[in-house]
Every structure is written in C-alpha cells, then in structure tokens.
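J.: So the sequence lines, in the order shown, correspond to chains Z and W.
Quick note: the numbering used here has the first sequence finishing at residue 161, numbered continuously throughout.
Quick note: the numbering used here has the second sequence finishing at residue 359, numbered continuously throughout.
What the hints contain is simulated information worked out from the structure, not anything from laboratory work.
Some hints could be false.
Said to hold, decoys possible - If you anchor each label on the Cβ, the simulated ranges turn out as follows:
hint, chain 1, residue 1, chain 2, residue 2, range
1, Z, 127, W, 233, 18 to 28 Å
2, W, 85, Z, 9, 29 to 39 Å
3, Z, 113, W, 17, 43 to 53 Å
4, W, 147, Z, 127, 34 to 44 Å
5, W, 204, Z, 135, 27 to 37 Å
6, W, 349, Z, 53, 16 to 26 Å
7, Z, 15, W, 78, 24 to 34 Å
8, W, 128, Z, 99, 24 to 34 Å
9, W, 351, Z, 90, 13 to 23 Å
10, Z, 55, W, 15, 23 to 33 Å
Claimed, not checked - Partner residues aside, some chain W positions facing chain Z, computed with beta carbon under 8 Å:
hint, residue
11, 104
12, 108
13, 173
As the list claims (entries may be wrong) - Residues from chain Z shown here face chain W by an in silico Cβ test under 7 Å; the list is partial:
hint, residue
14, 8
15, 10
16, 34
17, 76
18, 86
19, 94
20, 136
21, 149
Every residue, glycine too, gets a C-beta built ideally from N, C-alpha and C.
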Amino acid sequence: MDADSDVALDILITNVVCVFRTRCHLNLRKIALEGANVIYKRDVGKVLMKLRKPRITATIWSSGKVICTGATSEEEAKFGARRLARSLQKLGFQVIFTDFKVVNVLAVCNMPFEIRLPEFTKNNRPHASYEPELHPAVCYRIKPLRATLQIFSTGSITVTG
Amino acid sequence: EVAYSQSTGQKEQLSRCLQRGIRRVQDLCKVLQLPRVFEETAVSYFQRAVQHSAFHLVSLEKKELLGGCCVFVTCRQHNWPVTMGTICSLLYAKQELFASVYLSLQKELELSVPALSLADLVKTHLNSFRLFQHTDDVPAPFVEDKEKVVARTMQMVELASETWLVTGRHPVPIVTAAAFLSWQSLQPGARLSCTLGRFCKLAGVDLPPPAHLRLKEFLEILLRMASQLAWLRVFKLDKKTVVKHIGDLLQHRIFLLKNAFCQEDGEEQGAEAPSEGSPSSPPAAGGVAQEKGGKRQREGGPRPLLPPCLINPRKRLRTAAPSPSDSAITGDEPISDSEIEQYLRGPEEIRAFSKAKAW
C-alpha cells in the first residue's frame, strides 16, 4: 500500500462488555421465576437474562454485580444495562444503577491484503507472538493502550481491549 | 545463640515440590536427549517460574506442566525442533491446559520465544518414521532412503510456504502430508496404491486429522503447476498420476508457480522466462503487502495465489450495518414501562412455571 493511497478501512464494533452494580442483594430464584428470557445456572450461582432490543445478554449475580455483553456500541451497552436495571426494579428489587463501566470493546477490521504471519512476527517482536500449534493468528499486544490484536493471514484483524 | 534455621541451613534447602519439579525437568531433558546446557537453562526457568507470584500457588498439575513448558521454551530458544504435542504426550497432559500454562509463562517471565523452524521440524519429525529400515512390518518396496525423503519433504514444505498452505496452520499435518507425497513420488509404481492412513501406520506415527486436507491442497497446487509444464500438458493428469512428476515440478517450481497463479497487478503470464533468481522465499520481510488477488476465479485461467480459506470461503453470518436509528442512541434515553413489561412474566405464567419447575 502506498502512503499516498486513500483506502478507507471499515472498523466494525461487534461486542461491547460493560458492568454495573445494583447496590442491593438479588434473589436469583425470584428473577428466574418472574423474569422472561432467563436461564438460571444454579450450579455456578448466576442468572443469564437476554434482552431483545438492544440484543444483549446479562449475567446477574446475587451480589448485585451485572455484566452485559452483546452490544455494538458503548451507548447501546449503557442503554441495555439501564433497561436491565429497570427490569430488576420492576421485579421488586431496590436497584440503584451505579458503577457503570465499559470493560471491553471488540472490533473487527479487514485489510485489503494478505499477511505472511511468520515474517510479520519476526519483524514485530516482542509485541507479536505467533504459535500456529495453538491458534492460527498472530497475537499483537499494544501495552500502552492495553489492547490485543489478533491478526489472521487473510488480513482480518480483531481488536480487543 | 544461633537460630535453628541459620545453623542447619534450613532456608537454603529446596522445597519438596521444587525438588520434584527439577527432577522432572531433568528427566524430560534426558528422554528428549537434549544437551546439558538445555537442562541447566530449563531448570533455571523452572526455579524462576515456581518462585513467581503467578505460579507459586497454582495446582500441582499445573506445576508439572510448568516443567514441561520450561523445557519447551528452552528448546525453542535454541532452535531445537520439538512440538507441544511431543511434550504433552510425554507428560500425559491436556494440550489446552499446557497451552494456557505456556502462554502465562511466556508473559510472566517475559521470555522471548522464536518461531518454530519448519525445516528443522521436518528432520526431527521424519526421524521418528519407521520406513527407512527393513523390518517385518514394512514391505520391501516401501522402504526408502532417509536422506532422499528428507530432502524432497523439505522442498515440498517450502512449496507449501510459498503457496499459503503453512501460514496459520498447525505444522505437523503439513509435514506429514509432504512426507507422504515425497515418499510416494520416489517410487510411485509400488506406492501409489498406499493411502495416507496406511503410510502413517507403517511409519509408526499418528495421523493428524488435518493431514487429509493438507494433502488435498498440496495436490491441487501440484496439478495447477503441472498444467504449466510443457511435457506434461499432453497427459491428462489427476491427483494420483501427478505424484509421479513431483520431482520435475519441484525442480521448476519458481517458474511454474509464477505461471500457474496470477497476481492482481496483471503481470503477463505464460511467456515469461523462468525467474531471474528472485528468491523463492515469501515476499518482503516486514510481512507486508501482497495485493489481494481478488476472490473471483477466471474460468480456465490462472487463479490468484491466496490462502485456501479465501479461495473457498465458508459462509459467514454478516452482521447488519447499524441503522441510522441505532447510531442515534445516546444511552440515556427514557425507558417506558411498556418496554420493560415484555421481560416480565404475568402472574398466571409465574404460577404455571413454578408448578412445572417444582423448585
């Protein structure tokens, strides 16, 4: 690729993970009984609740900690988390929506060229690590940004962090 | 007065766990017949790792694997070709757990681990094949000279590197498939009827499941190359018969690859002279661009030299592009009660559900 050529790359956010706390104890059995779209995992002590709009999955612990995954933007994640908190309020819990934080964003991007992974790794140590016996992609860590990139030979890149 | 620990050197003693671990590392090095310096390095890594906060309190199972990981890292740092599969089989360990311990070790101790060299792996992997000596299990026509098989397998593996068959793939199935084709091509008359499974059984090695796919990819590449070789055009070659001509194809592989596969920038095909000494190794260090060959395949013409997963892509569910209404979300919109009602069960539903679940 030339430095002068203008190639627009689409970066698509595919998943946003956020957490929040309800500041009250949650009765998981009651949520499983009275909530719709709920899966109760008694053995690990958590409840999964799925919302349709936005399309997110919430993992709820009795301590009041909730993790939401599946949103495609930070705003959507916040909206989904608030919706979930309202649902819990409607079930009768004294929920206070606090400590909301986005903890992880996953995005994908496609390069318009293929990448020779062994050579790429050789020229980008120590940031790049390539173990073909374990995973078909190069793992490239950017420590200052706390981001990890998975670089595939097809040019597809997955960014998490 | 002198404290008991000072007089008996109690603090200088190694813990039982550490002693056992060091013995295990030393035994592994002996089994793998590694040089003495490897053993010393592996033991020092193990001592560092066990004293590190990330590994000090892990389970005994993980500490056993830690020793294997230290040996593995040492071998890789000295370009001694050994695979994770070998270490896992010696330790009777699950590969997933070994992988997680290995990655943690690499990160916590900040160890630099060079890539595994395929060329070296070919030599060590073929050392374990039992086809190079006359035995009762191996018929005479199947016995082959080791040096010839190794040399041809190395060329096949180089060909695989140049044609995108190696990048992102597990190395052992590629070496197995390359060895099989090389062995067949040295005496095709007697060996064409032998399958890959039988070959591995005779050689006394496991057949890795992806080897069949790698074999198929190899044969496809060879058939395309054969179509560019003048004296083979008159023959109607197929996946069996092309094996007889592997020697010729490998000898002229630079020229044949250039003619059999196209580049996106529309280089002239066919009439070009053989390459003027341009390296057969993959393009520029920096691992940067090859122009994408395009996913279309021109009928009857050379196809782009691309990774197989781009030539035959699997169907993927495409996520819908965000609509304008989705992109207008701020996260702080008001939420009406009616929106929430859909996530709550009605009283009758709750009664029926609790009856059914009987909690």
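J.: Now, for every hint given, state plainly whether the structure supports it.
T.: The hints, checked one at a time:
A C-beta distance of roughly 48 Å is found between residue 127(Z) and residue 233(W), which places it outside the suggested range of 18 to 28 Å. In this structure the supplied range 29 to 39 Å holds for residue 85(W) paired with residue 9(Z), their Cβ-Cβ distance being about 37 Å. Between residue 113(Z) and residue 17(W) the beta carbons are some 50 Å apart, a value that agrees with the proposed interval 43 to 53 Å. Checked against the hint of 34 to 44 Å, the C-beta distance between residue 147(W) and residue 127(Z) comes to roughly 40 Å, which is consistent with it.
In this structure the hint that residue 204(W) and residue 135(Z) lie 27 to 37 Å apart at CB holds, the actual value being about 29 Å. For the pair residue 349(W) and residue 53(Z), the beta carbons lie near 21 Å from each other, so the given range of 16 to 26 Å is met. Between residue 15(Z) and residue 78(W) the Cβ separation comes to about 41 Å, which falls outside the hinted range of 24 to 34 Å. Judged by the Cβ atoms, the range 24 to 34 Å given for residue 128(W) and residue 99(Z) is violated: they are separated by roughly 56 Å.
The given range of 13 to 23 Å is respected by residue 351(W) and residue 90(Z), whose C-beta atoms sit roughly 18 Å from each other. For the pair residue 55(Z) and residue 15(W), the supplied restraint of 23 to 33 Å is violated, since their beta-carbon distance comes to about 52 Å. Annotation: residue 104(W) was flagged as interfacial toward chain Z, and the flag is violated, the nearest CB pair being 13 Å apart, outside 8 Å. Among the interface hints, the one on residue 108(W) is violated; its C-beta lies about 14 Å from the nearest C-beta in chain Z, farther than the 8 Å criterion.
With a least beta-carbon distance of about 11 Å to chain Z, the hint placing residue 173(W) at the interface is violated under the 8 Å criterion. Using the Cβ-Cβ criterion of 7 Å, the hint placing residue 8(Z) at the interface with chain W is not satisfied: the shortest such distance is roughly 14 Å. Among the interface hints, the one on residue 10(Z) is violated; its C-beta lies about 9 Å from the nearest C-beta in chain W, farther than the 7 Å criterion. Interface hint at residue 34(Z): satisfied, since its Cβ lies 5 Å from the closest Cβ of chain W, which is below the 7 Å cut-off.
Interface hint at residue 76(Z): satisfied, since its Cβ lies 5 Å from the closest Cβ of chain W, which is below the 7 Å cut-off. The interface hint given for residue 86(Z) is met, as the beta carbon of that residue sits about 5 Å from the closest beta carbon of chain W, less than 7 Å. A distance limit of 7 Å between C-beta atoms decides the matter here; for residue 94(Z) the minimum to chain W is near 16 Å, and the interface restraint is violated. With its C-beta approaching chain W no nearer than about 4 Å, residue 136(Z) sits inside the 7 Å limit, and its interface hint holds.
This hint is violated: residue 149(Z) has a C-beta 14 Å from the nearest C-beta of chain W, more than the 7 Å allowed.
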